[in-house]
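*Asks:* Each chain, written out:
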Amino acid sequence: MALIAFGLIAAVVILSAVFVIAARNPVHSVLWLILAFFSSAGLMVLIGAEFLAMLLIVVYVGAVAVLFLFVVMMLDVDFVELKQGSLGYWPFALLIGAILIAEMALVWAASGALTFDNFDPSPGAETNTEAIGAVMYTQYLLLFQLAGVILLVAMIGAIVLTLRHRPNVKRQDVGKQTGRRRSDAIEMKDPAPGQGI
Amino acid sequence: MSNAIESLGSFWGPLLVLGQIGLFTLVLLLSIAFLLLLDRKIWAGVMMRKGPNVVGPFGLLQSFADFGKFLLKEIVIPAGANKFVFIFAPILTCTLAFAAWAAIPVAPGTQQGTTWVISDLNVGVLYLFAISSLGVYGIIMGGWASNSKYPFLGALRSAAQMVSYEVSIGFIIITVILMVGSMNLADIVANQDGGIWNWHAFAFQNFPLIIVMFPMFVMFFISALAETNRPPFDLPEAESELVAGYQVEYGSTPYLLFMLGEYLNIVLMCAMMTILFLGGWHGPVALGEQFATDYALLTALSGLFWFMFKVFLCFCMFAMVKAIVPRYRYDQLMRLGWKIFLPTSLAAVVIVAGYVTYFGVQS
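Residue numbers (the working numbering), protein chains in the order written: chain A, 1153 to 1349; chain B, 25 to 387.
Treat the hints loosely; a few may be bogus.
Below 25 Å or equal to it, Euclidean Cα-Cα: the simulated SDA-like pairs (lysine to any residue) are [claimed, not checked]:
id : chain 1 : residue 1 : chain 2 : residue 2
1  : B       : Lys107    : A       : Asn1320
2  : B       : Lys107    : A       : Trp1184
3  : B       : Lys107    : A       : Ala1250
4  : A       : Lys1341   : B       : Lys363
5  : A       : Lys1322   : B       : Lys346
6  : B       : Lys107    : A       : Lys1322
7  : A       : Lys1328   : B       : Ala183
8  : A       : Lys1322   : B       : Ile246
9  : A       : Lys1328   : B       : Arg353
10 : B       : Lys363    : A       : Arg1316
11 : B       : Lys173    : A       : Val1179
12 : B       : Lys173    : A       : Ala1169
13 : A       : Lys1328   : B       : Lys363
14 : B       : Lys363    : A       : Asn1320
15 : A       : Lys1328   : B       : Arg351
16 : A       : Lys1328   : B       : Lys173
17 : A       : Lys1322   : B       : Arg353
18 : A       : Lys1328   : B       : Gln356
19 : B       : Lys173    : A       : Val1182
20 : B       : Lys363    : A       : Thr1314
21 : B       : Lys107    : A       : Ser1181
22 : A       : Lys1322   : B       : Arg359
23 : B       : Lys107    : A       : Phe1220
24 : B       : Lys107    : A       : Ser1168
25 : B       : Lys346    : B       : Ile111
26 : B       : Lys363    : A       : Arg1323
27 : A       : Lys1328   : B       : Pro256
28 : A       : Lys1322   : B       : Leu357
In case anyone wonders, no lab produced these hints; they're calculated from the structure.
As the structure is a computational prediction, the values presented were derived from the model and not from experiment.
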């Protein structure tokens, strides 16, 4: 049963990954990419790493890919024209792909241990959430904190790059708006006929 | 019966799950039909109208009449629309809304330590969060595929809104996870047994935490309103500004699917509020261990009743809010999400984590 599920999901991952490159419409490419992410989460569930699977969906599918989709939908680039010269990159792409496969094969041959049999999704703990937490917050605490600081720096950098203080910009002060009373806004007048105010 | 099970062999497990899924779907669809009517009735009641009252006694069959009407209308696909994505978007919304219910535990099982749930996941809360974060795709895809400016703008607004409030919902869920020490929904419910004062919204057994947890419950409710695009945060379909948001070009069955998905998500949010904060299937008064072992079936059925009753109450709150509160402006919505809810829920996570670390939790 697990083997059938693995075969199906793996086939979906590979096919959707191919379609990411093959699709003519860039929005379709992103949608295929999302399917690939989602199916690889299914693969993780199959080997028992359910926490990682859910994180993959929440972070990559739920947040990162949404931003991708936003950007691709908003861009007004003529992708057909852009793709005209893309055939020239095939040798380069093949080279990179060959290097990746060679490296993976090397690691697999050297260790010989990357089989599902000795893969333990929750080593020495009840669930793999606890296992990951125990490792991350004890052994790799410093690296984890560093990653957080790097992300913070990146965030501040992005804000600094886009923040402009322009004069004469109308801003809404919520405190002022909600603090507005009837007496501040309305003045009752009783103009005599034919005179106006 | 046992012979039949044996003859089915290894197919019995999958068949059982299929049966559970079918039953769940049926119950959900039927309850949605009447909850939709209830929503309209409450809305009408607050406005001193009668609401739908023509089809069937008290208008009870109104939803079924609407259903027939939606099905029989012609499906119009706008010129230049991306046909596949246009049709796929509502199907995705509806499917995801159903899929989330697979992890919702509705009642205690008749045997000790079991639960009435389709799939008892270790990461149940994360699963719900993940599925609800996928819901935004149906909206973006629908808005984009319509090949029209208004649905696209509506979809962008809707997506930005949902992504913003997901952040605070995530932090609020973390406070509950910290108190329980598990992401299993059945464990979260089990942590709240022994009476109304033990529910996470009140959390009297960890007394000072009520100062944090009750506001978190209220914030979860408000974020749920925004997440499901309900009034006062129904900006995606603000009639006076955007016609009907991402649904402008939709009619007939695809619109029905969007509508169904939306209401299923609302009921799902009610179920999450029930499980995370209102004690799940536990009644307000504890019946004791002895009763649970002596009358297992009765306990399970009363658990089912309490769960459904609480979901029903939460839904009534959703409906009342729709009738009472005027719509937010878009910048106010974003300010509430990012400048008020996000820092508050972040502070709550720090406070609860500190409390759990230094004092420990009593359950």
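*Asks:* Does the alpha-carbon distance linking Lys107/B and Ser1168/A stay inside the 25 Å limit?
*Replies:* holds, 19 Å
*Asks:* Against the 25 Å threshold, does the CA-CA distance of Lys1328/A and Pro256/B hold or violate the hint?
*Replies:* Holds. Lys1328/A to Pro256/B sits at ~22 Å (cutoff 25 Å).
*Asks:* With the threshold set at 25 Å, check whether the alpha-carbon distance from Lys1322/A to Arg353/B stays at or below it.
*Replies:* Cα-Cα ~16 Å, so holds.
*Asks:* Between the alpha carbons of Lys1322/A and Ile246/B, is the straight-line distance 25 Å or under?
*Replies:* Measuring from Cα to Cα gives roughly 29 Å; hence the hint is violated.
*Asks:* Between the alpha carbons of Lys1328/A and Lys363/B, is the straight-line distance 25 Å or under?
*Replies:* Status holds; Cα separation ~17 Å.
*Asks:* Hint check: Lys363/B vs Arg1323/A, CA-CA at most 25 Å. Holds or violated?
*Replies:* Measuring from Cα to Cα gives roughly 16 Å; hence the hint holds.
*Asks:* Could you grab the alpha-carbon distance between Lys363/B and Arg1316/A and see if it respects the 25 Å cut-off?
*Replies:* It holds: about 19 Å lies between the C-alpha atoms, which stays within 25 Å.
*Asks:* Run the distance test for Lys1322/A versus Arg359/B: straight-line Cα separation, threshold 25 Å.
*Replies:* With Cα atoms ~16 Å apart, Lys1322/A and Arg359/B stay inside 25 Å; holds.
*Asks:* Does the structure keep Lys363/B and Asn1320/A at a Cα separation of 25 Å or less?
*Replies:* holds, 24 Å
*Asks:* Taking 25 Å as the top limit, are the C-alpha atoms of Lys1328/A and Gln356/B close enough?
*Replies:* holds, 13 Å
*Asks:* Please verify whether Lys1341/A and Lys363/B have alpha carbons no more than 25 Å apart.
*Replies:* Given that 25 Å is the threshold and the Cα spacing comes to 40 Å, the pair is violated.
*Asks:* Would the pair Lys107/B and Asn1320/A pass a check requiring their Cα atoms to be no farther apart than 25 Å?
*Replies:* Violated, because 46 Å separates the two Cα atoms, which is more than 25 Å.
The earlier numbered hints that this structure contradicts are 1, 3, 4, 5, 6, 7, 8, 12, 16, 25.
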